[in-house]
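Dock chains G, L and U against the given chain C, drawing on the hints supplied.
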Amino acid sequence: MSEPLLETRTLVKSFGALKATDNVSIDLRPGEIHAVIGPNGAGKSTLIEQICGGLVPDAGQVFLEGRDVSAWRTQARARAGLARTFQISALCMEDSVLENALLGAIGAMGASWRFWSGALTRPELRERAEAALERVGLEDEHDTQCASLSHGERRQLEVGMALTLAPRVLVMDEPMAGIGAGGSKKLTELLDSLRETAPILLVEHDMDAVFALADRISVLVYGKVIATGSAQEIRTSRAVREAYLGQEA
Amino acid sequence: MPSLLIIEQILNGLQFGVMLFLMAAGLTLIFGVMGLINLAHGSLYMVGAFAAAAVAGATGSFFLGLVAALVAAAFAGAIVEIVVIRRLYKAAHLDQVLATFALILIFSEGTRWVFGSFPLFLDIPDAISGPVTLPGGIEYPLYRLVLIGIGLAVAVGLWALIERTRIGIQIRAGENDREMIAALGIDISKLYTLVFALGAALAGLAGALVGAIQSVQVGMGEPVLILAFVVIVIGGIGSIRGAFVGALLVGLTDTLGGVFLPELFKLFMEAGAAQRSGSAIASMGIYILMGLVLVWRPTGLFGARA
Amino acid sequence: MIVNERAINALVIAGLVGLPLWALVMDEPFTITLVTRAVILALAAAGLNIILGFGGMVSFGHAVFFGIGGYTMGILAYHAQTYTALDLGAFTTGGTKSMPLIWLAAMGLSAIVALFIGLLSLRTSGVYFIMITLAFGQMFYYFAISWAQYGGEDGLSIYVRNDFPGLNTLQPIQFFAICFALLCIVLFVKARLTASPFGLALNAARQSGARVETAGLSPLRLKLLAFVISGAITGLAGALFADLNRFVSPSMFSWQLSGELIVLIIIGGVGRLMGPVIGACVYVALEHVLGGITEFWHVYLGLILLSIVLFARGGLIGLLTGKEGAHV
Amino acid sequence: MNRRVLGAAAVAALCATTAMADIKVGMITTLSGGGAGLGIDVRDGFMLAIAQSGREDIEVVIEDDQRKPDIAVQLSDKLIQSERVDIMTGIIWSNLAMAVVPAAVNQDVFYLSPNAGPSPLAGAGCHPNYFNVAWQNDNLHEAAGAHATAAGYDRSFILAPNYPAGTDALTGYKRFFDGDLAGEVYTQLGQTDYAAEIAQIRASDADSVFFFLPGGMGISFLKQYADSGIDLPVVGPAFSFDQGILQAVEEAALGVVNTSQWSKDIDNPTNAAFVESFQAEYGRLPSLYASQGFDTANLLLSALERAAPSDADAFREALRAADFDSTRGEFSFGPNHHPVQTIYAREVIKEGDVFTNRIIGTALENHSDAYAADCKM
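Residue numbers (numbering that gives the first Met the number 0), protein chains in the order written: chain C, 0 to 248; chain G, 0 to 305; chain L, 0 to 327; chain U, 0 to 376.
It is worth saying that the hints were derived from the structure and are not from the lab.
For each residue, glycine too, the CB sits at the ideal point set by N, CA and C.
Incorrect hints may appear among the rest.
Which residues of chain L face chain C? A few of them, derived with a C-beta cut under 7 Å, are [said to hold, decoys possible]:
#1 L192
#2 S195
#3 A203
#4 T213
#5 A214
#6 L216
Chain G stretches covered by chain U per the calculated footprint, using a threshold of three residues with CB under 8 Å from any CB of chain U [what the hints assert, rightly or not]:
#7 125 to 136
#8 139 to 146
#9 207 to 215
#10 263 to 276
#11 279 to 292
Next up, chain C with everything else stripped away, as it sits in the complex (with noise of 0.2 Å):
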């Protein structure tokens, strides 16, 4: 078995009274989609902003390709490969696509020091905004205003924003949320066709995309792993079911 390129460590985060990452430990090897589900209020969301560094665990580490990454910024982690989208588009929506895509190229090329020469006009970074949007089926779009996209095109920007950094790891939170079934299938052939690109941590509501898509799938509930397996596995765990469906089931 290969090296997972992310994993976690008893990852502990509380609030208060309330733990919402409990001894979290799961990994993410090499061309696999593992997803992450779990009830609402489970710690899904804690969890990935502690991976992705917007939140300090409180003990436990996280490892991206066997670095002990837990002290680093965002913005370290995503210079080494971390990429990851967003639960709610975080685009910036007065600008175009091809300028929100440029703004993965530049983080990735350490471009942003570079003051007089037009953003749109360097080829190296156009040339891998440009690659990423096709990647994602955008290329007929780079004028639009990020404002004037759909959702779900929206996430497909997300998904492209992500590509323009060349990740080791992508770290999704609910890609599917709020679009539609048309969109769903759409963006779930893009997932699948990714998995060989980089691995995937995806968290996500939407059961059918789930079992479509993960090679692993990991139950998160009150912060805790409670099964991790193969589709297979999971639904027939008794524990999943008994989480899912309370204690009479």
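Chains G, L and U in isolation, oriented as in the chain C frame:
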């Protein structure tokens, strides 16, 4: 320095602080409930002082002057809210700053238009003028004690209003969640006008009370406005408790800094130079205090954590 | 009424060149002085617009840099004129009367102070940022008032304008040419900066800090650098303003001036290249025209500003082009 | 900022008069914002004298500086470059004067100061074209010091704002006060609450208080001092006891001794006529500033009788002669073109319903200033 003098200076700082609180409370309430930066709050302070001076001058009664100050400031506040401010709640802070800056210009020159360029007269009523002797032999102006009393009473009253009444519940709801109060079936625009008028009335009251021992003149509101902003930023914007603590901190820092820094500098400087450098640093004191607080806690002492 | 923004920009530049030339022919030197004032204020506001319009930071204390620029000019020229030494601790200088040197010093010093203020202020955001920058402005203001060595509240007079190689700066038209050239350079640099990767990242940092971090960039560093550049440009404007008046005083540090700079930008249009320029021209013209009509012209100025906020979101450029500007 | 007031010209003859005007006077003064009252008084006093002269060949261009130094400098550029005035006047504040005057007089314009008299312009920075018709800044403070000495005070507590005019004020007082200081305090410029300083006065062993707190600061101090119950005698310069300000202080100022080169009860025919005509014209009692504006205009008129400004040397001599009837009686210029005049001690009294001043003695006779020796002219 004798301890009696120190106690007297602390009283002075306290009195300055509670008057700042009257200004800051309205400012912080308006920001907390409506999310509005109101630079024109100082103008309402001025309106209160001018109304008090005009009415007290005409009737000879300081008390009527105070009533007039409350009414005039609340009325001016309500009008301004309905005509202008109401359109700014959803606007960016930048637009709010500009619009209320424009209101300052209109209020200041408008007041000069009506009342002329010279300061007006407003005096303390005889019954509460002059000094009293406090335990320990401190002679202290009675009026300043009254100011401290009124300030504390208003603080308690505000606390009761917000914690114990229906309007208070609505105000708190408005601070936490603007959509929520609409859902509760509360008439938001009425609530906003009311809160704005309340803040304005407090500013007007402060203007009238302070006007009796200071100069009632055009432009008197701006220095106080800046201080009140310092207060609410130190306390945490939107927090009445923060405004109270911040006001006392600023009042004490300003008063005691002005007195003791020059004394401190005299320990290692020639007297005249110590006086000048000491008071120069003291005039920057509250801004330094504010800078330190914000570096330590970027949202103030009692502000909501980001 | 929808007009092309480029057309407006061209018109403004043409006006800024044409009016002083006309005044020169008509022998109306004061008109040139007035336009020069507008150009310098535009330069100061253009500096502020970098952080306000593109970076989303509402600095209510930008007069700090205006004042630092002014005092740098004042102090250097004062020592040069009186042949006294200026002891800077590490070394001593005799001051200078050369404008380019003064500009460099003004920009350098403003940049250093901006770095310091930015480091502390950028820990906060929103209203707190507005207020902490205001607090820094007040600190400098009170310091300048009691700085007896350089005139305190009386300020410092430099009776003769400083020198620029090959020009007679006392001629209003020549001094105007210097200021106008600097404004054009700064606008050009600003246009390049806005289109550059840095500008794109800064603009993104205004809209979504989290997104910028996720792209591997530090919003704080982007904003800090923008703050420093912005401070340096406003500092340059301060040095020119001092030379225009041949005088500096603590009023250059006042919060009213910080407010006026913001007002200029909003009148013209936030985040627009020419916003501050149009704002400054309109403001100076209003001051001049309204002041001639009534003593109480502030009332009318206030009413005009109010209507711009309420009815012309995006400032005059927004009104003319039919597009709102950046949201701050 | 382009208000033209035409001296003594009928409005109907506006165009004709403009064309006729031979002599152009530029007045930069404070007419809006804080401190506008002072500028308005200077303007009104000045224009009253011009009107009374009946001369139609004098055009006065009046501009409002808003008390901002940079605006004042621009207006000065405008008056000199565009209006091409021969004579300038009007500035109230020392910091504005320092910004405007040196540049103006170096462009061959005459400047007559109706109010500010900063020390550099009296000493090393004096200029042949600069005439001060009010006082050198230290004068009234020096007189206050002299009065305190004469009144037998030994220990004064003195305070002023922490800015150049404040330091000058305390220095001026100390120059003529022979006793010791019980305390010396610099307050913040624009300060409105003096509780802390008053407490210090109470705790000191002072036998008298001297303060220089112009404008609203003085009003605040006096009200708070009166309420504090301290009954030490107070001395100050006239600025805080002027006609406009007294009405905002009322009883709190009663009995305070202040020093002034002018008072409405100075007994001479010019002054009596001035007080009467000013009241008739504007419906209020004239102030110190109004008298200074009036005297400035009369000095100008007297010089114009003898020479035209175009003949600079002759006109300068005519100004230097100061051959006019001043509202304050004897008036002449010292070698640095600053007044040599008597400064009185006045007491605040109530006259009917109106609070005003009454002369109680002379503080300094034929007083010049401390900087004249530095003036090389």
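Tested hints:
The restraint placing L:L192 at the interface with chain C holds, with a minimum CB-CB distance near 6 Å, inside the 7 Å limit. With its C-beta approaching chain C no nearer than about 5 Å, L:S195 sits inside the 7 Å limit, and its interface hint holds. For L:A203, the shortest C-beta to C-beta distance to chain C is roughly 5 Å, which falls under 7 Å, so the interface hint holds. Taken as an interface hint, L:T213 checks out: its beta carbon lies about 6 Å from the nearest beta carbon of chain C, inside 7 Å.
Interface restraint check: L:A214 against chain C, minimum CB-CB distance 3 Å, threshold 7 Å, status holds. Look at L:L216: its Cβ gets to within about 5 Å of chain C, closer than 7 Å, so that hint holds up. Here the region 125 to 136 of chain G counts 3 residues with a CB under 8 Å from a CB of chain U, which clears the bar of 3, and the coverage holds. Only residues whose C-beta sits within less than 8 Å of a C-beta in chain U count toward coverage, and the region 139 to 146 of chain G has 3 of them, enough to reach three; the restraint holds.
Only residues whose C-beta sits within less than 8 Å of a C-beta in chain U count toward coverage, and the region 207 to 215 of chain G has 6 of them, enough to reach three; the restraint holds. Given a C-beta distance limit of less than 8 Å, the hint that chain U covers the region 263 to 276 of chain G holds, as 4 residues qualify and 3 suffice. Coverage of a stretch by a chain is defined here by at least three residues with a beta carbon nearer than 8 Å to that chain's beta carbons; for the region 279 to 292 of chain G and chain U the count is 3, and the condition holds.
Every hint, counting from the list given before, is met by this structure.
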